[in-house]
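*Asks:* Once you've looked at the hints, dock chain H against the given chain P.
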Amino acid sequence: MANNKNDVIISLRDIFVEFDGEVILNHINLDIKDKEFLTILGPSGCGKTTTLRIIGGFLEPEQGTVTFEGEKINGLPPYKRNVNTVFQKYSLFPHLNVFDNIAFGMKIKKLPKNEIKRRVKEMLAIVDLKGYEKRSVSKLSGGQQQRVAIARALVCDPKVLLLDEPLGALDLKLRKNMQWELKQIQQKTNTAFVYVTHDQEEALTMSDTVVVMNNGVIEQIGAPADVYNEPVNAFVADFIGEANILNGTMLDDCRVKILGEELECVDKGFGQNTPVDIVIRPEDIEVVKPEEAKLVGEVTEVVFKGVHYEMTVMCKGCEWIIHSTECSPVGSKIGMKIIPFNIQIMNKMFLAEKNTFYAEVISASEEENKITVKVEDSEFDIENYYFETGSTLEISLPPRALSIAGDGVGHIDDVYIESVIFKGEHNEIILESDEQKWLMQSDVDEQVATYVPLKFDFTQAEIKLKEGANET
Amino acid sequence: MRLKRPSIPYIIWMVVFTMIPIVLILFSAFTDRNGNFTTASFVKAFGYFDVFLKSLWIAFISTLICLILAYPIGYIMSRQKKSVQNTLTMVIMIPMWMNFLLRIYAWVTLLQNGGPIDTMLSFLGIHTTLLGNQGAVILGMVYEYLPFMVLPLYSVMAKIDNGLIEAAEDLGSGRLTVMRKIVFPLSVPGIVSGVTMVFVPSASTFLVAQYLGGVDDIMIGDVIDRIFWSDNNTGSAIALVLMAAILIFLIILNFFGDEEAIA
Chain P
7 MANNKNDVII SLRDIFVEFD GEVILNHINL DIKDKEFLTI LGPSGCGKTT
57 TLRIIGGFLE PEQGTVTFEG EKINGLPPYK RNVNTVFQKY SLFPHLNVFD
107 NIAFGMKIKK LPKNEIKRRV KEMLAIVDLK GYEKRSVSKL SGGQQQRVAI
157 ARALVCDPKV LLLDEPLGAL DLKLRKNMQW ELKQIQQKTN TAFVYVTHDQ
207 EEALTMSDTV VVMNNGVIEQ IGAPADVYNE PVNAFVADFI GEANILNGTM
257 LDDCRVKILG EELECVDKGF GQNTPVDIVI RPEDIEVVKP EEAKLVGEVT
307 EVVFKGVHYE MTVMCKGCEW IIHSTECSPV GSKIGMKIIP FNIQIMNKMF
357 LAEKNTFYAE VISASEEENK ITVKVEDSEF DIENYYFETG STLEISLPPR
407 ALSIAGDGVG HIDDVYIESV IFKGEHNEII LESDEQKWLM QSDVDEQVAT
457 YVPLKFDFTQ AEIKLKEGAN ET
Chain H
1147 MRLKRPSIPY IIWMVVFTMI PIVLILFSAF TDRNGNFTTA SFVKAFGYFD
1197 VFLKSLWIAF ISTLICLILA YPIGYIMSRQ KKSVQNTLTM VIMIPMWMNF
1247 LLRIYAWVTL LQNGGPIDTM LSFLGIHTTL LGNQGAVILG MVYEYLPFMV
1297 LPLYSVMAKI DNGLIEAAED LGSGRLTVMR KIVFPLSVPG IVSGVTMVFV
1347 PSASTFLVAQ YLGGVDDIMI GDVIDRIFWS DNNTGSAIAL VLMAAILIFL
1397 IILNFFGDEE AIA
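Order-wise, the sequence lines are chains P and H. Counting from 7, one number per residue, gives the positions in the first sequence under my numbering. Counting from 1147, one number per residue, gives the positions in the second sequence under my numbering.
In isolation and in its complexed conformation, chain P is listed as follows:
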């Protein structure tokens, strides 16, 4: 089994998809190897189902190539691809019974009757539904329908089985069972599985490879343990498992400053005095006496979680989550010791510290000391500033000056929330408008993947004429 495990069956190259001017997949590359269990993980709207539909042949990418065992298969309809799909809503044929549903693909291929019978029987044994041949599919439970859908796809003996959130509709206990069963089935049939889910736990338990997607791009590809232990950025760290994500400064190789304290770490190559994101898993913080650690905090909340206690600790205005088997009572002062290996340093997702953008003055009034500017098709007034009509301004706003208009009237409408990450003391929100990305700090939780009106507070703004322009 291991000898050809590295053979790539399907490869996606530079795939680009757009619906109504909205980018769904932004030039992604992905290789699927033979016999592997690959999971595409991401929040809803990140493009994971679209990726699956491209592999299945239900959607043609605008750009990019899809190859199957080295051959380009762009434009090949689904029925000619050696790939089968288990759909999100199972899509079992309601007018056929269990046997006919599973036999559907083989009947189309006109296989001999006794072979069909034999293979359906075998497949029913694999999915643990022996003797269900004559049942009507509408009389089956969710978990059983699920298994019929898997059997129907697997019986065609595909090289790759695509599964689109197949456990989404099941209750927790059944889902756990099915996760295990799916992994068993995958190993028994030796088929490559491409599994789409938004459930990080599912991804970690079942996969050989996890692909983390967000907003149409692949953030990270790796083995579950690698993605968990060494996330490439704050989004991945936040999406997979629980994490304390903080702002920090990389002073030099192996030296990082967190909340004013200098700590030792193992990462190199970030340069000097570089702002970075830092992730520390809750289970990697050791609770010690206050005098034994640099970081000291006060326990504000304790929740018993069965295996461990989950403690919320306030340290220098920042909220930390700690998992520990020993309970420290609320109100007690504790030291938080972190070994260098467990401090994971990541590049910031938004590199600049301020939002800088250009605006064109379209009208101005000197006596009212007010200008009207145009930014990305939106026009709005800025008070207490005067510049000549026609000049281009460079405006820079700190993340705190941005907010989401509660009354629905913002300066720029329909801005997409790309990520919301809790940084211990506030949320760091990355937004995307038509032409640029914005960094916002907020104390409010916002819903990712929604469109909101963005509002600016110009009292915190720095406004000047764009350099090199308007000199005449």
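Label pairs and their calculated CB-CB ranges:
| # | chain 1 | residue 1 | chain 2 | residue 2 | range |
| --- | --- | --- | --- | --- | --- |
| 1 | H | 1243 | P | 385 | 40 to 48 Å |
| 2 | H | 1225 | P | 395 | 50 to 58 Å |
| 3 | P | 440 | H | 1236 | 29 to 37 Å |
When the alpha-carbon atoms are kept at most 25 Å apart in a straight line, the in silico SDA-like pairs for lysine to any residue are as follows:
| # | chain 1 | residue 1 | chain 2 | residue 2 |
| --- | --- | --- | --- | --- |
| 4 | P | 140 | H | 1324 |
| 5 | P | 194 | H | 1318 |
| 6 | P | 115 | H | 1308 |
| 7 | P | 86 | H | 1327 |
| 8 | H | 1228 | P | 51 |
| 9 | P | 165 | H | 1318 |
| 10 | P | 119 | H | 1327 |
| 11 | P | 86 | H | 1325 |
| 12 | P | 115 | H | 1325 |
| 13 | P | 295 | P | 321 |
| 14 | H | 1327 | P | 99 |
| 15 | H | 1227 | P | 99 |
| 16 | P | 78 | H | 1318 |
| 17 | P | 86 | H | 1324 |
| 18 | P | 116 | H | 1332 |
| 19 | P | 140 | H | 1329 |
| 20 | P | 78 | H | 1312 |
| 21 | P | 86 | H | 1322 |
| 22 | P | 113 | H | 1331 |
| 23 | P | 113 | H | 1322 |
| 24 | P | 115 | H | 1321 |
| 25 | P | 113 | H | 1312 |
By construction, these hints were calculated from the structure, which means they are not laboratory data. Please read these numbers as outputs of a predicted model, since none were measured by experiment. We put the CB at the ideal spot given by N, CA and C, even for glycine.
*Replies:* Chain H alone, transformed into the frame defined by chain P:
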């Protein structure tokens, strides 16, 4: 859960407008002018046996043509975006807002000698009579009843989840196989109710044949219409036979489809 309490308004409605008329028809079919029991009306009714058969035949052909035309229309409609679906439903409904007689008159004007279609054909050297034959009657019926076939087909097909079609494609079916193995079997209830809604009224229709057909092209509905004023006993008997024939047809049809179609 089934409602135990009888729905009184519905029952009153059924008794007044359905049960009482049927009892009256039954009574007058089995009596003579003086109210004595007789089956003579049925003997007279059998005198119109050929008209009866012809009516059923015309109704059958019209239903068949409606089905052939409506099936692709319904399917195409059902695969459009929701907004387009609503617009198309509207377009199908609009002709029904106009009075039935007016629409038949419109066809008379279109088809008559010297009318626009006839004139156009004359230019091409084709001289024929378009009006006053069975073809014109069938055309009128198809025109009249097509929406009643399209709408039930469309509403059943719209319920076919696109996922099923994709699943079938995924398992190796081309377009034709998808139609044959998925869309057709799942649209049978629509076919059954569409056929019912077209065949039943077209078998008993009147006026269409009088306006569009020739002297011989008379339908059983017209016979009942004509005879009833002079001899309501025979009229009732024919109506009763027609009712029985349609009932048998519905029972046979119901054998293929589900229970919803009847009623």
